[in-house]
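Enquirer: Using our numbering, you'd call the opening residue of the sequence shown number 1 and step up by one each time.
Hints listed in this document are in silico derivations from the structure and should not be mistaken for laboratory results. Hints may be right or wrong, so weigh each one.
Simulated restraints, written as ranges between beta carbons of each label pair [stated by the list, open to error]: (1) N123 to K68: 45 to 55 Å; (2) N123 to G57: 15 to 25 Å; (3) G126 to A34: 39 to 49 Å; (4) L59 to G96: 38 to 48 Å; (5) S183 to D87: 46 to 56 Å.
Even glycine gets a Cβ: it sits at the ideal position worked out from N, Cα and C.
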Amino acid sequence: MHHLSFMRRFTTVVAATSAAAAIVFAAPAGAEPAPPTTVDVAAAVAQLRTTVADNPGALAALDKLVDKGTIDVALPAQPFQIPATSDIGQNGGGAGVYGSGIALDISGWRLGFFGGPGTISPNQTGAKLEVMWLNLTTGQSGTALLAEHQDVPVDTTIRTASLNTGGGLVVAAVFGNLWHRWSVPVDAAHPDGYAYKLGTIQQPSFGAVTR
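Starting from the given sequences, assemble the full structure and let the hints guide the process.
Expert: Below you can see the structure in the form of structure tokens.
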């Protein structure tokens, strides 16, 4: 079984999206105060809970994040500061660190995820990977399905459609489950030459991103 390491996935994602990362210029004198550079996770989670009060799965996911302290704010194309754990981990062998959410500013602003064993399967029947997000600057919020993925080796993420989050500081958490696959010899059990495994997130990946 061949698996890409988490750091190799991270390098691939950043290399593929670095051209889209924002360039931050020094603010001129008299400009408005600089945006926050850190986020208190427990406070952000408390606000997120009010936006998903009718979603038991999202509320259960947030319960796993309340003791995560403070994180630095990231830019688009940087992985979320808190990675996800799952029942299959990075290599499919058991529970552990699984992957990370990521914000991508390509053909619209999107939230995505990368990680897990093998590659992301093009067929996600029976799986549902979601992200809840909240703009702490404007109060906009929402939940979106991560379903956009091209079945080519260079596409290491699965993403939302373009999101209208508004500008400012956005916090988000990825939760749910995702099918993975990797090449194996063709036989009766693997007629298409792939083995498949479903990863279910235990602790969501959480991030704070400015845009």
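Enquirer: Look at each hint and say if it fits the structure.
Expert: Now the hints, each set against the structure:
Under the hint 45 to 55 Å, the C-beta atoms of N123 and K68, about 33 Å apart, miss the expected range. Between N123 and G57 the Cβ separation comes to about 22 Å, which falls inside the hinted range of 15 to 25 Å. About 45 Å separates the C-beta atoms of G126 and A34, a value consistent with the hinted range of 39 to 49 Å. For the pair L59 and G96, the beta carbons lie near 24 Å from each other, so the given range of 38 to 48 Å is not met.
At roughly 23 Å, the beta carbons of S183 and D87 sit outside the given window of 46 to 56 Å.
The structure shown violates the earlier hints numbered 1, 4, 5.
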